[in-house]
Each structure stands twice: as structure tokens, then as C-alpha cells.
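Participant: As they're listed, the protein sequences go chains A and B.
The UniProt record's numbering puts the first sequence at residues 1 to 222.
The UniProt record's numbering puts the second sequence at residues 1 to 283.
Please note that a few of the clues may not be correct.
Claimed, not checked - Some chain A residues near chain B, calculated using beta-carbon distances under 8 angstroms:
no.	residue
1	D77
2	Q78
3	Y79
4	R81
5	L108
6	T110
7	L136
8	S174
9	L179
Said to hold, decoys possible - SDA-like mimics (lysine to any residue), calculated; alpha carbons at most 25 angstroms apart, straight line:
no.	chain 1	residue 1	chain 2	residue 2
10	B	K234	B	D219
11	B	K90	B	T147
12	A	K126	B	K49
13	B	K90	B	E104
14	A	K199	A	S44
15	B	K234	A	R20
16	A	K21	B	T227
17	B	K49	A	R189
To be clear, the hints were calculated from the coordinates, so they are not data collected in a lab.
Just so it is clear, CB atoms sit at the ideal spot from N, CA and C, and this is done for glycine as well.
Here are the chains, one letter per residue:
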Amino acid sequence: MEKLEGLPVTPFMDRDKDIRKVVQVLEQTAREILTLLQSVHQPSGFKEIPSKCQKARELFCTVRTHLGELKTKFPVDQYYRFHEHWRFVLQRLAFLAAFVVYLESESLVTREEVAQILGIEVVREKGFHLDVEDYLAGVLIMASELSRLAVNSVTAGDYSRPLRISNFINELDSGFRLLNLKNDPLRKRYDGLKYDVKKIEEVVYDLSIRGLSKELEAGGDK
Amino acid sequence: MSKREGEGYPRRMKTSQKTDDRDTGANLTSPVMAAFKVFQQELDTKHDKHERLVKLSRDITIESKRTIFLLHRVTSVPDVEEVLTEADLKLDGVRLNIRMIAEELRGEDLHQFHRAFTPGIQEYVEAVSFHHFIRHRTLISLEEINTKLVFVKEPEDTPESQQPMGTPQVLTFQVTPTDYLLGVADLTGELMRMCISSVGNGDMDTPFQVSMFLRQIHDGFSYIGNTGPYEVSKKLHTLRQSLSKVEDACYTLKVRGSEIPKHMLADVFSSRTAMMDQDEGMA
Chain A
1 MEKLEGLPVT PFMDRDKDIR KVVQVLEQTA REILTLLQSV HQPSGFKEIP SKCQKARELF
61 CTVRTHLGEL KTKFPVDQYY RFHEHWRFVL QRLAFLAAFV VYLESESLVT REEVAQILGI
121 EVVREKGFHL DVEDYLAGVL IMASELSRLA VNSVTAGDYS RPLRISNFIN ELDSGFRLLN
181 LKNDPLRKRY DGLKYDVKKI EEVVYDLSIR GLSKELEAGG DK
Chain B
1 MSKREGEGYP RRMKTSQKTD DRDTGANLTS PVMAAFKVFQ QELDTKHDKH ERLVKLSRDI
61 TIESKRTIFL LHRVTSVPDV EEVLTEADLK LDGVRLNIRM IAEELRGEDL HQFHRAFTPG
121 IQEYVEAVSF HHFIRHRTLI SLEEINTKLV FVKEPEDTPE SQQPMGTPQV LTFQVTPTDY
181 LLGVADLTGE LMRMCISSVG NGDMDTPFQV SMFLRQIHDG FSYIGNTGPY EVSKKLHTLR
241 QSLSKVEDAC YTLKVRGSEI PKHMLADVFS SRTAMMDQDE GMA
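Could you build the full structure based on these sequences and the hints that come with them?
Facilitator: See below:
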């Protein structure tokens, strides 16, 4: 049946292979950045935050190179056809970028900043871009990381950080409540945020009833 | 940790405020909240478009299925051409809906919304290729399908048109190879039904034509095998069953066809296929 045989189904498979190869390299680099940043949870790690952020930023250079290569593996106007291949790693990278920015400035990285760190676009029409849902997924992954950081801060003797994390996460939660989410993976991930919020609140509570947090009266209850 | 949930948390006071007035709550002017307001709008726009496409896809599915039911009547009515003409009109209606999908997708990456409209498009491919087979006894090509999905927009249609007078705008919807294959795979089920029902009406030619045609389609799919998209490979199993039924029907016709009076042929085939259907638990 010539009509069926002539159909371009097999070229998809070659492109998929090429894309997968680059994605694997990206995932490797993402793991390296994660390993680097995870060490901030150690008591000794807290002091080294600035240098770790610096190193992470250097690793993001490699990420930019790989993403630049990934862009060349498929037609520029077919981003969503192959999106599933890199969705996971891109969310990871968004999380890592958000985490680095938080550690540096205790603020929420903007979508534009993440795109800049990764060397990609924000707007689909301009090229390989960061989908808003992938950005939001990365932010939610970071929220979990921060709830863990709040706990470990206390263990490491830092009693003011959890309070700052608490304010940050609460504002994040307010932001997410503005969204009308569908029953999709993003919604499921968002459902986890309330556990992060709760965990951090409990840390803050534990500190406050023991009088360990001096800043409670000053700026705790925003 | 230690405390019971909800007691003594300062946040409790904020919660009720939050759920009452999301959009006018505190700190709407903070950069974080402003950013999320933008995300809200972006996501709402995307979801709304998705919903509109789903609705269009459903309408296309319904009308395509009705067209297929209509086309099945060619085995039992004297005037085939009348049925085909009526089906043509129905398909024109479906194409209007496809045009609306094309409008929605203007400027978009169609793969972002593909899941919304793929069911309808596959059903359309099934209907249009069924129609084509009845008339021409050949398989309609993807190019032929897509040629009919080129919509020309007359200048009068667009009041804010920036085109100079007399320049028509062209809007196209192109069926993807995957959707084409999936639609053709579903077509084989309808062809199998057509084969069986044509036997019941004493038609001795159609069953063999359908059998030959189905075999060619099957061979084409086998050639693609597992190298194509996953959904295509899944359909191969059902396709083999349809082919098997058709081949058995032709065998029975060949071996015993001359022995059985025409009006009883239908019973012979309906009981055989009923047995096979029970085995497979097919709907």
C-alpha cells in the first residue's frame, strides 16, 4: 500500500532519538546542580550558600549550551509536539534556578529570569520557550525544598530563616490561589503546597512558643 | 510535629479573608501577586481555548458518526448515489466545524491543543475515507483529505481586514499523518461491518472487494509495525481481527455460497460473526 508506506512516520523516531540524547545530558547536569545545592541542608552548608550559588550559576552555563543544542533538533514551530521529552528536566531546571535565586536574594525568581538563566525565551513565538506551567511546577518543587530547608535551618541553629521562609511560602500560596487550575498534573502538584505550608507553620510555631524567634513581634504576621 | 492542627496559628485569621476575596486580598500590588494575576489570565485563556476546541471536536465526532451510519445504508438501498450525495452534505457541515478549529488555532502551536481535537479529526478521516471507498473503491490519500480543508476567506468576511481589497485570506487545517493513520485504522472496522452486511443482501462482489482492500491496508500497517506512534500499533490488533472476519466471510461465500439460498446467507454470517464477537468481547 504505497499511500501508507509513503507516510513520514519513521523520521519521527530518529528525531526522538536525537532529542533524547540531549535531554539525557541535560538531566545529568541538572543532577549535578541539585547535588551541589542539596548540601545547603547540612549545618556546615549554610555558611557556604553564596559560593554554592556561584558554582551553580557556572553549571547553568553548561545548561545553556545544551539547551542551545536541543533547539536545533526539531523544527522551531513544533515545540509542543516534542514537549514531553524535556518537560521533566525543564521543570527541574526551573526549580533549580528558582532555588538558587531564593538562596541568593530570598525572593521569587520571575519567569523571565528563569528563561534568562536557561538561555531560552518566555514567549512561544520567539523560539524555544519556558511554558508557564513548567515554570509554576518548578516553583512548587522549590516550595517543598524550602519546607525542608526551614526544618534544617532550625537544626543548624538558624532560628530566623524559617520565619522568612514562612512569609515567602505564604505569599506564594496566595499567588497560587489566584489560579483557576484544571485537574491536571499542575493541580496535583499544587495540592502538595498546603503540606509544605503546614510544615513550615509548625516550625515557626515551635520556635515562637519557645521564645526562640525574636523577630516574631516585629514582622512575623504579614 | 507537636500542636493540633489549626489551633493558635496566626494564619487562621488570614485564611477566611483569602477565600472570600481572592482577587482583592492583601498585597495584590506585590510583585508576586501581580505576576500570578498574569499567570491566571494566561492559564484561563489557554483553558478556554482548549474547551472550545473540545466542543468543536465533539460536534465533529457526532456528525461524522452519523455520516458513517448513513453510508452503511448503501448496502440496502437501490440508489447509492443519493446516499453519497446526502453524506457529502453532512461532511460539508463537518468541514465548517473544522474551519472553526482552524480559526482557533490561528497563530497557535497546534500540538499544544492536539489532544482537544484529535478524536473529532480521526472520526472525520474515518467518515471521509469510508465515503471515498464506497464511491471509488480506493483509499483516500492524506493529501486529498487536506486539499478539502483549505478554507478561503473572502475579504468581506473580515471587517478589520488589513489585506488590500480583493486578496482572499487562506486558512488551512492539516490532518497529521498520525491522525490519518488512526482514522484509517478505525475505517477498517466499518468496512468489516459493511462486508458482512453486504453479504446478507446477496451482494457477491463487495465482500471480495472489501477483503482485498482491507488486506492492503493491513499490509501497510504491518509494514509500519512498531516504528510508528504507539496509538497506531495498538490499532493493529483490532485491524487484524477485522481482516480475519472478512477473510472468513469470503471463504464461506466461496466454499458454500452457491449452496445457500441468498435470503439465508445473512443468517449464516450473522451467527458466525456473533460467535466471534462474543469471544472477543467487542462492543
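Participant: Of all the hints numbered above, which does this structure not satisfy? Sort the numbers upward.
Facilitator: none
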